[in-house]
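Chains as they are written, first to last, in this note's numbering: chain A, 1 to 457; chain B, 458 to 859.
Worth flagging that the hints you see were computed from the coordinates, not collected in a lab.
Where hints are given, some of them may not hold.
Here are the in silico distance ranges between beta carbons for each label pair [to be verified]: (1) 664/B x 256/A: 43 to 49 Å; (2) 14/A x 720/B: 53 to 59 Å; (3) 14/A x 803/B: 43 to 49 Å; (4) 241/A x 734/B: 54 to 60 Å; (5) 741/B x 241/A: 57 to 63 Å.
Residues of chain B clear of chain A, computed beta-carbon distances all greater than 10 Å [what the hints assert, rightly or not]: (6) 461; (7) 471; (8) 533; (9) 728; (10) 740; (11) 769; (12) 771; (13) 803; (14) 813.
All C-beta atoms in this analysis are idealised placements derived from N, C-alpha and C, irrespective of residue type, glycine included.
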Amino acid sequence: MDGLPTHRLIPDLVVLPGTREELVAVVRLLAALGVSFVPRGAGTGLSGGALAAEGSVLLVLTRLNRIVRIDRDSRLAVVEPGVVNAKLGAAARPAGLQYAPDPSSQSACTIGGNVAENAGGPHCLKYGVTANHILALEVLLADGSLVEIGSPSGESWGPDLVGVFVGSEGNFGIATRITVRLTPLPRAVRTLLADFTGLRTAGEAVSAIIATGIVPAALEMMDQSCINAVEDSVYAAGYPRDAAAVLLVEIDGRNSDAVVAETDVVTDLLRQSGARSVRSAATEAERERLWQGRKKAFGAMGRLSRDLVVQDAVVPRSVLPQVLETIAAIATHYGLVVSNVFHAGDGNLHPNISFDATDPVLKNKVEAASAEIMQACIAAGGTITGEHGVGIDKMRYMPLIFDAESLGAMQAVRRVFDPDERVNPGKVVPVHACREWTHARGDRVGSRGAAPRGEAA
Amino acid sequence: MTILEKVTALLGEGAVLEAGTDRVPRVAPGSPDAVALLLGTAHQEGWRVRIEGAGTWLQSDAPADLALTTRRLDRIPAIEPSDLTATAEAGIGLDQLRQQLADRGAWLAIDPPGLAGRTLGSVVSTATAGPLRHGFGPIKDHLLGVTFVTGDGRMVQSGGRVMKNVAGYDLTRLQAGGFGAFGVIVLVHLRLRTLPRADVTYVLEGAREDLTQVGEDIAAAGLTPAALELVSPALARRERWVLAVRLAGSPALVAADEAGLGAASGGGRFSPLRAEEAHAFWMRLAEGFSVRPVTFRIGGVPAASDELLDLLQHQLGDEWISASPAAGAIRWTGDTNIDRLQRLRRTLAGLEVPLTLERAPWPLRGAVGHFGAYREGVGPLVAGLRRTFDPGGALVVATEGS
Chain A
1 MDGLPTHRLI
11 PDLVVLPGTR
21 EELVAVVRLL
31 AALGVSFVPR
41 GAGTGLSGGA
51 LAAEGSVLLV
61 LTRLNRIVRI
71 DRDSRLAVVE
81 PGVVNAKLGA
91 AARPAGLQYA
101 PDPSSQSACT
111 IGGNVAENAG
121 GPHCLKYGVT
131 ANHILALEVL
141 LADGSLVEIG
151 SPSGESWGPD
161 LVGVFVGSEG
171 NFGIATRITV
181 RLTPLPRAVR
191 TLLADFTGLR
201 TAGEAVSAII
211 ATGIVPAALE
221 MMDQSCINAV
231 EDSVYAAGYP
241 RDAAAVLLVE
251 IDGRNSDAVV
261 AETDVVTDLL
271 RQSGARSVRS
281 AATEAERERL
291 WQGRKKAFGA
301 MGRLSRDLVV
311 QDAVVPRSVL
321 PQVLETIAAI
331 ATHYGLVVSN
341 VFHAGDGNLH
351 PNISFDATDP
361 VLKNKVEAAS
371 AEIMQACIAA
381 GGTITGEHGV
391 GIDKMRYMPL
401 IFDAESLGAM
411 QAVRRVFDPD
421 ERVNPGKVVP
431 VHACREWTHA
441 RGDRVGSRGA
451 APRGEAA
Chain B
458 MTILEKVTAL
468 LGEGAVLEAG
478 TDRVPRVAPG
488 SPDAVALLLG
498 TAHQEGWRVR
508 IEGAGTWLQS
518 DAPADLALTT
528 RRLDRIPAIE
538 PSDLTATAEA
548 GIGLDQLRQQ
558 LADRGAWLAI
568 DPPGLAGRTL
578 GSVVSTATAG
588 PLRHGFGPIK
598 DHLLGVTFVT
608 GDGRMVQSGG
618 RVMKNVAGYD
628 LTRLQAGGFG
638 AFGVIVLVHL
648 RLRTLPRADV
658 TYVLEGARED
668 LTQVGEDIAA
678 AGLTPAALEL
688 VSPALARRER
698 WVLAVRLAGS
708 PALVAADEAG
718 LGAASGGGRF
728 SPLRAEEAHA
738 FWMRLAEGFS
748 VRPVTFRIGG
758 VPAASDELLD
768 LLQHQLGDEW
778 ISASPAAGAI
788 RWTGDTNIDR
798 LQRLRRTLAG
808 LEVPLTLERA
818 PWPLRGAVGH
828 FGAYREGVGP
838 LVAGLRRTFD
848 PGGALVVATE
858 GS
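Kindly generate the complete structure, drawing on both the sequences and the hints.
Structure, rendered in structure tokens:
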């Protein structure tokens, strides 16, 4: 299993290559044998995306963990896929740079996994998700061939294949070498904690901040259930237990005067929007404590029960209050504990359902409630995943947001990279729901058929 | 029946426009479904179709049986200022879109080269970012999703209308900068920003190397310009090179950056432009790239910007150049020939710098291609994607050239 406790599979074999050359050799052997394989990083995924079933080989990439180089002048780093996100950040810091995407699992998750999932994180509101930070990739395709896509500047050699590859959940191949964009560390940071007596007013405060044109580095929300879970844990951050919700707002930048001025504007707005109090972290230690509570919230909620499902959906920001109320109603209906901790600035919800997976009745309730939450988000104009991916878990929802033609197009693109569908099979696209694209199969090697007419030749 | 008669029967007389100088029939479907119907028929009939927007950017000269223009796809189905999203059809002119967004307090933070009426679809399909790329990223960063029609008439949706979305593979990024090789974009979901409450432009004239240093000093000082553009004298219509700095955002941010600008300029004196002067300056810069016959962009790492400018000057002349040194993006426009461009592309490839041909007369772009100098293994992937989305080769696009 990965970070999602509802799916468990056992592969035939697990291989942990220690070098790129070993990895290439293994993939070429598997190609010759026609065996499917599943690339896997640290296994922190939350959609069952890196699970390998019987008949498949699990390729664990955590030993490919070298930071090949950090280029201060060009503001980039070249890394192997098994490099841990936080370790890259730490390595870039002495050069005054950062790797901005910061998923909550950053102390364990790998850059290769981040690329596969197009991972986000709290600071993606200002700095963008993984796709905004990947410049170039060396990709190992299913047939064992290596392809270089992208360039150190981010300008592509033709179509944006890097953009297509990032977020493909391991279905297009393995990123064996990853060139990432590094950004200058902010020189000034202000972190605010605002508490509200109602979820709705907290949601309205989010909209008010965004409407000013100020883009906070992060704008996170936690509801009372989550607050109490954090405060009951070793990660207690001093969040007010009687608050219906807290907002964690961070303003950062390279210009201290601007950060101070924007923080003043945001503080006033929070108060005008009904915040009972607005607390500013006075020291770096206090800031870290506030963030630790947020980043370790999933771990804290894990203490509430034997198992925890971390859901992931996105809705338009303006409907956050209504959708949160709907989620609360669904939880009540099923008699479940649902805690919310999420990226409010992006409208990226994470309803977390605490339960005991050994109880089949409860497990069914969790599945049903999860489906209703997804349907509510879709009905509100949203989508089924903002950063955790489709994997196995969300495939059933794909036909709710894409028609058969569009799903068929995705499957056809996958076949361009992997004609035999041997890399991470059975994920992302529900094949039964696709309209067939007969032209696509087997065309990757380009050995069949002439170039399309009109293409200059 | 002639092609024109068949198209008229299919879409009605209203969809048929006056042909251009090359007398290729020009058809303007009035809806995405009509685009799908037309391309499905073209695929079956074996017609070759060239894609056009308003006809203000890429030359309308590709050999084809039919020109499909998106100019009647000019609706804006949704603007959501509170969510900072909008949905617009591909044929809407950027000037119209900008105005309607501004009326709702929203801003699409792109300023692509070309005339003001250039279509949204043209900008997205060619991924032509302008100076605002410095502060707000490339075109693809402003897209939440697209709907496109393949060369055989299939309608495909990608992405959605929300700020983050990893549901399914990202076909939006395939379309952004695909030059229509993978289908015709008909609908675009956009990420917006709040209309900046403060927006000022400063310019500084000087020698190129001095201005490059000033640009580096501005970055080192921690200023966060929306645009930081180095413009050649001919393009800026000034005596010397110009460094233009645009500050846009909250009043607090802009005021703080304005205060830091003087200190960062190494004793040089930036001149503020009045609002109308700033508008004219940026518009002239954008329009300059649609005047001369050939325009291309190259992308190198920021540290190589000076070297790349020297290379362009040496191989092609530097009359009309605009560069975002910190973003590593350089755009050149002028007149050149096939041999020179191909030689330049080869030289740049050796430096790991892609050259994307943005516009040129058909004989040149047909030979040179929008893209080229692929790394090993990339060509077959691109060809496979081409066959997937245009199995009959109906869409006339000079992807790689000869």
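Results of checking the hints against the structure:
{"no.": "1", "hint": "664/B x 256/A: 43 to 49 Å", "in the structure": "32 Å, violated"}
{"no.": "2", "hint": "14/A x 720/B: 53 to 59 Å", "in the structure": "58 Å, holds"}
{"no.": "3", "hint": "14/A x 803/B: 43 to 49 Å", "in the structure": "45 Å, holds"}
{"no.": "4", "hint": "241/A x 734/B: 54 to 60 Å", "in the structure": "57 Å, holds"}
{"no.": "5", "hint": "741/B x 241/A: 57 to 63 Å", "in the structure": "60 Å, holds"}
{"no.": "6", "hint": "461", "in the structure": "20 Å, holds"}
{"no.": "7", "hint": "471", "in the structure": "27 Å, holds"}
{"no.": "8", "hint": "533", "in the structure": "17 Å, holds"}
{"no.": "9", "hint": "728", "in the structure": "22 Å, holds"}
{"no.": "10", "hint": "740", "in the structure": "23 Å, holds"}
{"no.": "11", "hint": "769", "in the structure": "15 Å, holds"}
{"no.": "12", "hint": "771", "in the structure": "20 Å, holds"}
{"no.": "13", "hint": "803", "in the structure": "13 Å, holds"}
{"no.": "14", "hint": "813", "in the structure": "7 Å, violated"}
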